[in-house]
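Input sequences plus hints: build the corresponding full structure.
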Amino acid sequence: MPMARSIPTLVACVSLMTAAAIAEEPTFKTHTINGKSGFESAGVFDVDGDGQLDIVSGDTWYQAPSWTPSKVRDVARQGTYYNEFATLPLDVNGDKKIDFVSCAYFSKNVGWVENPGAKGKEWTYHEIDLPGTSEAAVLVDLNGDGKPDVLPNVTTRVVWYELEQAAAKPVWKKHDFGTEAAGHGVGSGDVNGDGRVDLLTPKGWFEGPADPKAETWVWHPEWNLGATGIQIFARDVDGDGLSDLVYGVGHDYGLYWMKQGKGANGERTWEKHEIDRSIASVHTLLWADLNGDGREELITGKRVYAHEIEPGATDGSVVASYDFDPKKKAWVKHILFQGEAAKNAPEGPKRDALKDFPAGTIGTGLQMTAIDIDHDGDIDLICPGKSGLYLLENLGSSKSSARGETKGFLSR
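Positions -23 to -1, 1 to 389 (mature numbering (1 follows the signal peptide of the UniProt record, and there is no 0)) are the ones given, in order, by the sequence shown.
Think of the hints as simulated: they come from the structure by calculation, not from any bench. If a hint is listed, it holds; no wrong ones were tucked in.
Below 16 Å or equal to it, Euclidean Cα-Cα: the simulated EDC-like pairs (lysine to aspartate or glutamate) are:
no.: 1; residue 1: Lys98; residue 2: Asp25
no.: 2; residue 1: Lys151; residue 2: Asp118
no.: 3; residue 1: Lys180; residue 2: Glu157
no.: 4; residue 1: Lys327; residue 2: Glu285
Source: prediction; values computed, not measured.
Structure below.
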């Protein structure tokens, strides 16, 4: 496929264990979409209705296939951060054009940005609510109605938003679970195996009710994970029929899973296991089948300069996938990108990712996207961050599953 500013190096997946028993791993080709972009979220959807998947990140959308930039809107900057922390594709007003939902840390708002449908026109921002400092957000069907809900990581309270009516004046319903369970990180999954989606925080989980209209979600304070990344996942890692937890550490080293078990009295127990202790500043995690073996891998990486001063801040950036080998009961790591360290970075406030790290450094920011962007049958990765916006094109088998893609949702 035609790509702009391609870096010719092919990056092979390097396993820390032998991966022969898992699947033949694909190679990835790096494409620079915007090497000067400092925005940390990227959404992928067909902006202009031409049937091709475009990239939206921060103040710009990039038209496929040559990634021609066009203005979306002005986005304020505070220090080294832009005040846009999510780009979630969703047709909010029901006009069959994909808009996107955004959240902000400094201005503390959640809102949606209306797609004008014509190139050259500026997009319009509409506020949904002012819940508090929001560091990233995800789309997930929390109430089981088949439509995506907006789950922001508001660091001071747990809240989510249901789009009750997609119209010129959309109707949103706010679900507020208070401040007790809030923290750095949020997620979802079926913890207790009842077939319903539960809401996860670093301090425990809210049980999805049998009646999706019910407001009572039972709180279970069963763990304390600290400052995690986004998302926290509940899914069966080891195939024993019980959902485990998978999460990263947001501002230190570490990627972990917690095995669910049963105590003597039938109560849930949680046992912590290491996936990768070498990776720092994990903020965005997702699942997709990159190698075409029919099973989704865990995909994550370093958020470049999540904080300019924290453990691992100047380490070389990495993007990696992880397979769980049920026979060896161990994770297999595949390096998709390995960058160089910021060896000459100045102290603290003077640090700047675009100056300190080598050109072409790929991070995963706050919202990486996994999708078959070139329609060739395998899953590619769009990686935003303070060190630029990049596409990792999957050159592997066309057997890769597209289960990890997020094309955006048309309201029904």
